[in-house]
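Participant: Sequence:
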Amino acid sequence: MSNPFEDADAQYLVLVNDEAQYSLWPVFAEVPAGWTIAREAGGRDESLAFVEENWTDMRPKSLVDLMDRDS
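End of the sequence shown sits at 71 in the working numbering; the numbers just go up one at a time, nothing left out.
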């Protein structure tokens, strides 16, 4: 059985959580609690490109907020 998260021919959603972390998610799987759809279904390559363009800071949002508050 192949990994549904690495299928180059599958359709994916791009999800984002409250910490501004992104994830590719196969369209057939239910969106997990705590995640929202940031980009509707698309191919793996275009979905990855969306993540790379939009997730430019790997730090969790709570850490970014803490560091901004302390500076």
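Just so you know, the hints here were simulated from the structure itself, not pulled from any lab data. Heads up, the beta-carbon is just placed ideally off N, CA and C, and yes, glycines get one too. Do not take every clue at face value.
[As the list claims (entries may be wrong)] Quick list of in silico lysine to any residue cross-link-like pairs, SDA-like style, CA-CA up to 25 Å:
#1 K61 x P32
#2 K61 x F50
#3 K61 x V51
#4 K61 x Y22
#5 K61 x F28
#6 K61 x E19
#7 K61 x S71
#8 K61 x A38
#9 K61 x D18
[Claimed, not checked] FRET-style restraints, in silico, Cβ to Cβ:
#10 R69 x S2: 42 to 52 Å
#11 A33 x N3: 17 to 27 Å
#12 M58 x Q11: 32 to 42 Å
#13 F28 x D70: 40 to 50 Å
#14 A8 x V31: 16 to 26 Å
Participant: All the hints need checking, so say for each whether the structure fits it.
Facilitator: A quick look at each hint next to the structure:
1. Distance check on the hinted pair: K61 and P32 sit about 19 Å apart at the alpha-carbon level, within 25 Å; holds.
2. With a CA separation close to 19 Å, the supplied pair K61 and F50 stays within the 25 Å bound.
3. Under the criterion of a C-alpha separation no larger than 25 Å, the hint pairing K61 with V51 is consistent with the structure, at around 16 Å.
4. Restraint check: the Cα-Cα separation between K61 and Y22 comes to about 12 Å, which is no more than 25 Å; the hinted pair holds.
5. For the suggested pair K61 and F28, the alpha carbons sit about 28 Å apart, so the restraint of at most 25 Å is broken.
6. Proposed proximity of K61 and E19 is supported: the alpha carbons are some 5 Å apart, at most 25 Å.
7. Taking the CA atoms of K61 and S71, the gap is about 15 Å. The hint holds against a cut of 25 Å.
8. Distance hint between K61 and A38 is fulfilled; the C-alpha atoms sit about 16 Å from each other, no more than 25 Å.
9. With a C-alpha separation of about 8 Å, the suggested pair K61 and D18 falls inside the 25 Å cut-off, and the hint holds.
10. Range check, R69 to S2: about 45 Å between beta-carbon atoms, so the 42 to 52 Å window is met.
11. At roughly 22 Å, the beta-carbon separation of A33 and N3 lies within the given 17 to 27 Å, and the hint holds.
12. Here the CB-CB span from M58 to Q11 is close to 25 Å, at odds with the stated 32 to 42 Å.
13. The given range of 40 to 50 Å is respected by F28 and D70, whose C-beta atoms sit roughly 43 Å from each other.
14. Taken as a hint, the range 16 to 26 Å holds for the pair A8 and V31, whose Cβ atoms sit roughly 22 Å apart.
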